[in-house]
Amino acid sequence: MTATVPELSIHSESVEAQEGRRTARSPQPHPRHESRPAGGGFLATLRPEVRPEQSPASRGGASPDRNDTLTQEQAMTDSKISVRDFDFFYGTAKVLHGISLEIPAQKVTALIGPSGCGKSTFIRSINRMNDIIPDARGVGTITIDGQNVYGDETDVVELRRRVGMVFQKSNPFPKSIYDNVAYGLRIGGMRNKRQLDEIIERSLTRAALWHEVKDRLHASAMALSGGQQQRLCIARALAVDPEILLMDEPASALDPIATSKIEELIYELKDNYTIVIVTHNMQQAARVSDRTAFFMLGKLIEYADTNAIFMTPKEKMTEDYVTGRFG
Amino acid sequence: MTANLRRRKLVSHIFEVLCGLAVVVALIPLAMILFYVIKEGAGSLNLDFFTHMPKPVGEAGGGMANAIVGTLILIGIAAAFAVPIGCLCGIHLAEYPGKFSSAVRFAADVLNGVPSIVIGIFAYGLVVLPVKRFSALAGGVALGMLMIPIVVRTTEELLLLVPGGLREGALALGATRSRSVFSVIVPAALPGILTGILVALARVAGETAPLLFTALNNAYWSTSLSQPIASLTVQVYTYANSPYDDWHRQAWAGAFLLVMMILTLSIAARLAVRRLERMNRS
Amino acid sequence: MKRSSDDRRFRLGTGAFAALVLLIVVGIAIELTRQSTLSIAKFGLKFWTTSTWDPVSGMFGALPFIWGTLYSSVLALLVAAPVALGIAIFISELSPRLLKQPLAYLTELLAAIPSIVYGLWGMFVLVPLVRKFEIAMGAKPALGVGMLAGALILAVMVIPFTSSVAREILKNVPSTQREAAYALGATRWEAIKVAIGFGKSGIIGAVMLGFGRALGETIAVTMVIGNAPQVTASLFKPQYTMAAVIANEFSEAADELYLHALIEIGLLLFIITIVVNILSRLLIWSMKRRVAAPAVTQLLAEEVPV
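Residue numbers (our numbering), protein chains in the order written: chain A, 1 to 327; chain B, 1001 to 1282; chain C, 2001 to 2306.
Worth flagging that the hints you see were computed from the coordinates, not collected in a lab.
Just so we're clear, the structure is a prediction, and the values are computed from it rather than from any experiment.
Accuracy of the hints is not assured; some may be wrong.
[Said to hold, decoys possible] Here chain C is said to cover these stretches of chain B; the calculated rule only asks that three of the stretch's residues, wherever they fall, bring their Cβ under 8 Å from a Cβ of chain C:
| # | stretch |
| --- | --- |
| 1 | 1063-1069 |
| 2 | 1073-1079 |
| 3 | 1101-1115 |
| 4 | 1232-1241 |
| 5 | 1249-1263 |
[Claimed, not checked] The calculated label-pair distances, taken between Cβ atoms and stated as ranges, are:
| # | chain 1 | residue 1 | chain 2 | residue 2 | range |
| --- | --- | --- | --- | --- | --- |
| 6 | A | H280 | C | A2016 | 54 to 62 Å |
| 7 | A | G226 | C | M2137 | 41 to 49 Å |
| 8 | B | P1130 | C | V2275 | 46 to 54 Å |
| 9 | C | A2228 | B | P1130 | 44 to 52 Å |
| 10 | A | Q195 | B | R1007 | 16 to 24 Å |
| 11 | B | L1271 | C | L2282 | 32 to 40 Å |
| 12 | A | K169 | B | T1002 | 29 to 37 Å |
| 13 | B | R1133 | C | A2029 | 55 to 63 Å |
| 14 | B | A1060 | C | L2282 | 49 to 57 Å |
| 15 | C | V2056 | B | A1042 | 24 to 32 Å |
| 16 | C | T2050 | B | L1010 | 51 to 59 Å |
| 17 | A | T323 | B | R1007 | 34 to 42 Å |
| 18 | B | T1264 | A | M190 | 52 to 60 Å |
| 19 | B | G1076 | C | S2005 | 57 to 65 Å |
[Said to hold, decoys possible] In the SDA-like style, the derived pairs of lysine to any residue whose C-alpha atoms are separated by at most 25 Å in a straight line are:
| # | chain 1 | residue 1 | chain 2 | residue 2 |
| --- | --- | --- | --- | --- |
| 20 | C | K2193 | B | L1010 |
| 21 | A | K299 | A | A219 |
| 22 | C | K2171 | B | M1032 |
| 23 | A | K193 | B | K1099 |
| 24 | B | K1009 | A | Q283 |
| 25 | B | K1099 | C | V2026 |
| 26 | C | K2193 | A | K94 |
| 27 | B | K1009 | C | K2193 |
| 28 | B | K1132 | C | Y2258 |
| 29 | C | K2193 | A | K299 |
| 30 | C | K2200 | B | H1013 |
| 31 | C | K2132 | B | L1027 |
| 32 | C | K2200 | A | K299 |
| 33 | B | K1132 | C | T2176 |
| 34 | C | K2100 | B | T1002 |
| 35 | C | K2171 | C | V2231 |
| 36 | C | K2171 | B | K1099 |
| 37 | B | K1099 | B | M1032 |
| 38 | C | K2100 | A | P134 |
| 39 | A | K169 | C | K2200 |
| 40 | A | K261 | C | T2176 |
Even for Gly, the Cβ is constructed at its ideal location relative to N, Cα and C.
Next up, chain A with everything else stripped away, as it sits in the complex:
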């Protein structure tokens, strides 16, 4: 297929560099396929770990070594979130069909696809936000660190603390900046002002907002600009110390400058958090993510390293989408 574009190789190299600088929060992963330059299609097929994850249904038949692939995948990457044959229904309408993929820890995984293809539904299933919607239910397995998200022993409230979410349109509470970031901490029972101050400062710093608001922490959050509000929402989500950050089109309502700030932020955050981002902006996915999953009509069409998806997509549909032929 298409030859490698130099910029993207540089990208994967810097990913390598990032990995080298990995903090003590998680162990060093095995050397991964990113270290090998993304080659032509033929070469790619030789590397089993890059084979796109597909459900047997969409493949038109069970893949013989699919399970092996998954175990391999899991062994080779730190799989934070593991999805197996996940279907989702709104009432009787099936909107997700047999999704299976492994989301690696401390990487950015992007979900792309035309609107209505189920990416938002999927991401909201990870932290069970869909539970709020009546008549909505998921069938299948989603596990985080081996624990079944939909299992009886999982407490939904606790789950949502571990899995943070940032929404498409920023939704700060009509309270002060301080109170917004403190919200999750306070409902968790934290009252000590010094502790709160410390964590709030840390979260706002991590969200690259501290310097802009440190002198007006008690001003209303509604007075901030759109981009600032979104970063505030990120800080708010980070304050409760989640392991995973789900972002549902976090920059789609923002101007280009604010968008690039958010993208920079995502890049910095992935050292410490596993990030899953839904985006309809392919260039954004290409810029920030390590792995990309292409969804279409509720099915996972292809899932691979970002380089591979954009440069050497396996499926025709993927290629059509990323080259802009539709969507």
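Following the hints, complete the assembly by docking chains B and C onto the known chain A.
Chains B and C alone, transformed into the frame defined by chain A:
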């Protein structure tokens, strides 16, 4: 699960239960009222009630024929008064938005919140005092003024809901403003407007206070606009305050009739709205 | 041109009727003032601070009525506000989908029941119950009629209306607010609190609208409150409200001063209810601005049970 989480979940459940309890608490009086009205009133609703006049004080028997007719006359006057004023006002508010219309809209909202007894005082000063006589007309005017804000608001809202294309189409065909409004837009909104009128009628049919010193009451048969007139509500009030058991029984019957009337009107209004929505959707 | 003159006539014609509505409101204010001049002139501000209400000797002081009105309405709201809010929360956030419409309709049914029917039930059912309660509490004499019965019946009458306005407010709170709370690990009640916090000013407005309603309620109250003008905090003693005294004594008022005194009370009632209504609408409007919801006129369509 931590102790903190367990406590929070418990608190959540407690409050959810309390909210459910609130619903029950509100439904208890409703059930009681309906129960008593039906129990005490339905039985006494016989033919006599509808056809006979009240008997003299202390005598058993008789009916509320004059009061029933009186109520119908009063709401008729009220409608005659409120419908033209309310509709035309609503049309103006919908067609000509601006400072004046905002002021009028505000006034209508204020009027809506004025206690009905105060409106009664106004009608007294306006219609009773100049001729030094209580009259059905005064009662009708008072009720009409209570209806106006509802009619105004319903008319305006429904006219605004009519798609702009309809309005432009009529004007483009050369129709004058008045023509386009009356022959195209109002007919489109008519079902909803009628519903609003029904709702307003249901509300004023149950009013007592403003009638106490406008239409007063009348022990005899009267359909004259310039004489006091009996009404279901005032009659029930008078009977309830009396010491006679038979009158109490008749008061319950009157209350039952009132509730039936109002229920019918509001169910009819609700059904009309639903049919209207279905029509608009298709 | 013929067409524009027709348009002008149409505008002026409908405008005249619109102006009529404006005139009615102004007219009420003017007429009430005009018809209370005798009383204003004679008693001045002492009218509002004296307690003697003696038609025979021509001494009128409206304090007991102001007290009765405010006390009964405040007590009623103390009971009604949490219940109304609870109902609003239940219907909009907690109830299963199938129950929503029927429950909403039932609360509106409560609103449609006329005051006289409430009064009848109050007089023949509630008062005896309150009397039993008073006897159990050792009150002497246990009349049944009194502030407690009055406040209770007002509470019941005000609940449906307050609850529908509160429900509209909650409906207008964007769902993203609750979602944000859930995503941070909130329990159901905590997420509801966030929604209430967002709609706070609107909810206060709804409660105030209910308060305005309670202030003006006449017939049901007068049938259960005892109609004795006295200023007392006792729940068991009969008391009197502004609307009730007007209703009871207006047609009996023999002389002009008496009439003017009653109308002056009506004037105060008018002013108080207008102020409360305006304040509450401002609160609701300020909340609507934050959301920029389209059909907010529905918020103000209080009377329409449809």
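Taking the hints in turn, this is what the structure says about them:
| no. | hint | result |
| --- | --- | --- |
| 1 | 1063-1069 | violated (count 0) |
| 2 | 1073-1079 | violated (count 0) |
| 3 | 1101-1115 | holds (count 12) |
| 4 | 1232-1241 | holds (count 5) |
| 5 | 1249-1263 | holds (count 7) |
| 6 | A:H280 to C:A2016: 54 to 62 Å | holds, 55 Å |
| 7 | A:G226 to C:M2137: 41 to 49 Å | violated, 60 Å |
| 8 | B:P1130 to C:V2275: 46 to 54 Å | violated, 30 Å |
| 9 | C:A2228 to B:P1130: 44 to 52 Å | violated, 35 Å |
| 10 | A:Q195 to B:R1007: 16 to 24 Å | holds, 19 Å |
| 11 | B:L1271 to C:L2282: 32 to 40 Å | holds, 36 Å |
| 12 | A:K169 to B:T1002: 29 to 37 Å | holds, 32 Å |
| 13 | B:R1133 to C:A2029: 55 to 63 Å | violated, 25 Å |
| 14 | B:A1060 to C:L2282: 49 to 57 Å | holds, 55 Å |
| 15 | C:V2056 to B:A1042: 24 to 32 Å | violated, 45 Å |
| 16 | C:T2050 to B:L1010: 51 to 59 Å | holds, 54 Å |
| 17 | A:T323 to B:R1007: 34 to 42 Å | violated, 55 Å |
| 18 | B:T1264 to A:M190: 52 to 60 Å | holds, 58 Å |
| 19 | B:G1076 to C:S2005: 57 to 65 Å | violated, 36 Å |
| 20 | C:K2193 to B:L1010 | holds, 15 Å |
| 21 | A:K299 to A:A219 | violated, 45 Å |
| 22 | C:K2171 to B:M1032 | violated, 30 Å |
| 23 | A:K193 to B:K1099 | violated, 51 Å |
| 24 | B:K1009 to A:Q283 | violated, 43 Å |
| 25 | B:K1099 to C:V2026 | holds, 17 Å |
| 26 | C:K2193 to A:K94 | violated, 33 Å |
| 27 | B:K1009 to C:K2193 | holds, 14 Å |
| 28 | B:K1132 to C:Y2258 | holds, 17 Å |
| 29 | C:K2193 to A:K299 | violated, 37 Å |
| 30 | C:K2200 to B:H1013 | holds, 22 Å |
| 31 | C:K2132 to B:L1027 | holds, 22 Å |
| 32 | C:K2200 to A:K299 | violated, 43 Å |
| 33 | B:K1132 to C:T2176 | violated, 62 Å |
| 34 | C:K2100 to B:T1002 | violated, 34 Å |
| 35 | C:K2171 to C:V2231 | violated, 41 Å |
| 36 | C:K2171 to B:K1099 | violated, 29 Å |
| 37 | B:K1099 to B:M1032 | violated, 48 Å |
| 38 | C:K2100 to A:P134 | holds, 13 Å |
| 39 | A:K169 to C:K2200 | holds, 22 Å |
| 40 | A:K261 to C:T2176 | holds, 23 Å |
The structure does not agree with the numbered hints 1, 2, 7, 8, 9, 13, 15, 17, 19, 21, 22, 23, 24, 26, 29, 32, 33, 34, 35, 36, 37 stated previously, though it agrees with the rest.
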